[in-house]
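J.: Generate the whole structure from the sequences, applying the supplied hints.
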Amino acid sequence: MINPYSEYFRGVFRRILKHRSTEEFESLPYICTLLNSSLWTYYGIIKTGEFLVATINGFGVVVEIVFLTLFLVFAPPRIRAKTAMLIGILDVGFLAAAMLVCQLLLQGDMKTDIIGFLGAGLNVVMYGSPLAAMKTVVRTRSVEYMPFLLSLFVFLNGGVWTCYAVLKKDWFLGVANVAGFFLGAAQIILYAIYWKPRSSKNTASKDSEHEHLLPSSSHFRENNEA
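For the sequence shown, position 34 (counting from the first letter as 1) is numbered 34 according to full-length UniProt numbering, and the numbering increases by one without interruption.
Since the hints were made in silico from the structure, they are not lab data. A quick note: this is a predicted structure, and the numbers were derived from the prediction, not measured. Don't be surprised by glycine CBs; every beta carbon is placed ideally from N, CA and C. Hints should not be assumed to be uniformly reliable.
For lysine-lysine, the following DSS-like pairs were computed, each having C-alpha atoms within a straight-line distance of at most 30 Å [stated by the list, open to error]:
no.: 1; residue 1: Lys111; residue 2: Lys169
no.: 2; residue 1: Lys111; residue 2: Lys47
no.: 3; residue 1: Lys47; residue 2: Lys168
no.: 4; residue 1: Lys111; residue 2: Lys18
no.: 5; residue 1: Lys196; residue 2: Lys135
no.: 6; residue 1: Lys196; residue 2: Lys18
no.: 7; residue 1: Lys168; residue 2: Lys111
no.: 8; residue 1: Lys18; residue 2: Lys169
no.: 9; residue 1: Lys135; residue 2: Lys82
If you anchor each label on the Cβ, the simulated ranges turn out as follows [claimed, not checked]:
no.: 10; residue 1: Glu24; residue 2: Leu52; range: 32 to 38 Å
no.: 11; residue 1: Phe148; residue 2: Val92; range: 31 to 37 Å
no.: 12; residue 1: Arg20; residue 2: Ala84; range: 30 to 36 Å
no.: 13; residue 1: Val166; residue 2: Pro76; range: 43 to 49 Å
no.: 14; residue 1: Ile65; residue 2: Arg15; range: 16 to 22 Å
no.: 15; residue 1: Arg141; residue 2: Leu70; range: 17 to 23 Å
no.: 16; residue 1: Thr48; residue 2: Phe13; range: 32 to 38 Å
no.: 17; residue 1: Leu167; residue 2: Ile79; range: 39 to 45 Å
T.: Next comes the structure, spelled out in structure tokens:
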């Protein structure tokens, strides 16, 4: 199965660690993804024959916890507080409430149906949350903060999981991942519209525009020569 987290881990994680700053990256997509992966892991555990769903989404939970920990470490204080609050509400409070209700009040197919319904709804939110990044792309006319490989693997992941859902006749998985397929396609189209090849002139301009985020070494050299 295709997993979009590996390319994301290698790209965005490396950039945040290198720059020691979250820059303009949004935490919401990864907060939603952590909640979504947690629900699907639980769904895979309680539903017979869905071990693959539990395994892959369990890996996603680990990846998102690592990322959000790094995000909290390197985010500015205001963004850190907002991110921590959302994690507490969605990834801890909501998840715990959903699991307790299912364990204590629901039985049999009703339990898997409710978790599947929640997971499908949150899957749409997970795939739709990068709309914030898409808005940044349109505003800045730059794809810098929307990594292409992440968009590509969201598109492929949605398509593959949709095929899996059809074969397993699991319509919760199907509905959720059809949304990912189309939203991933929209991100790729947006990337094609706003992507520009890097050049020395564009790089210098970008360094000047982002001076308040992370001044580059070349910027310091130019100042010293002046």
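J.: Which hints, by number, does the structure contradict?
T.: 4, 8, 12, 15
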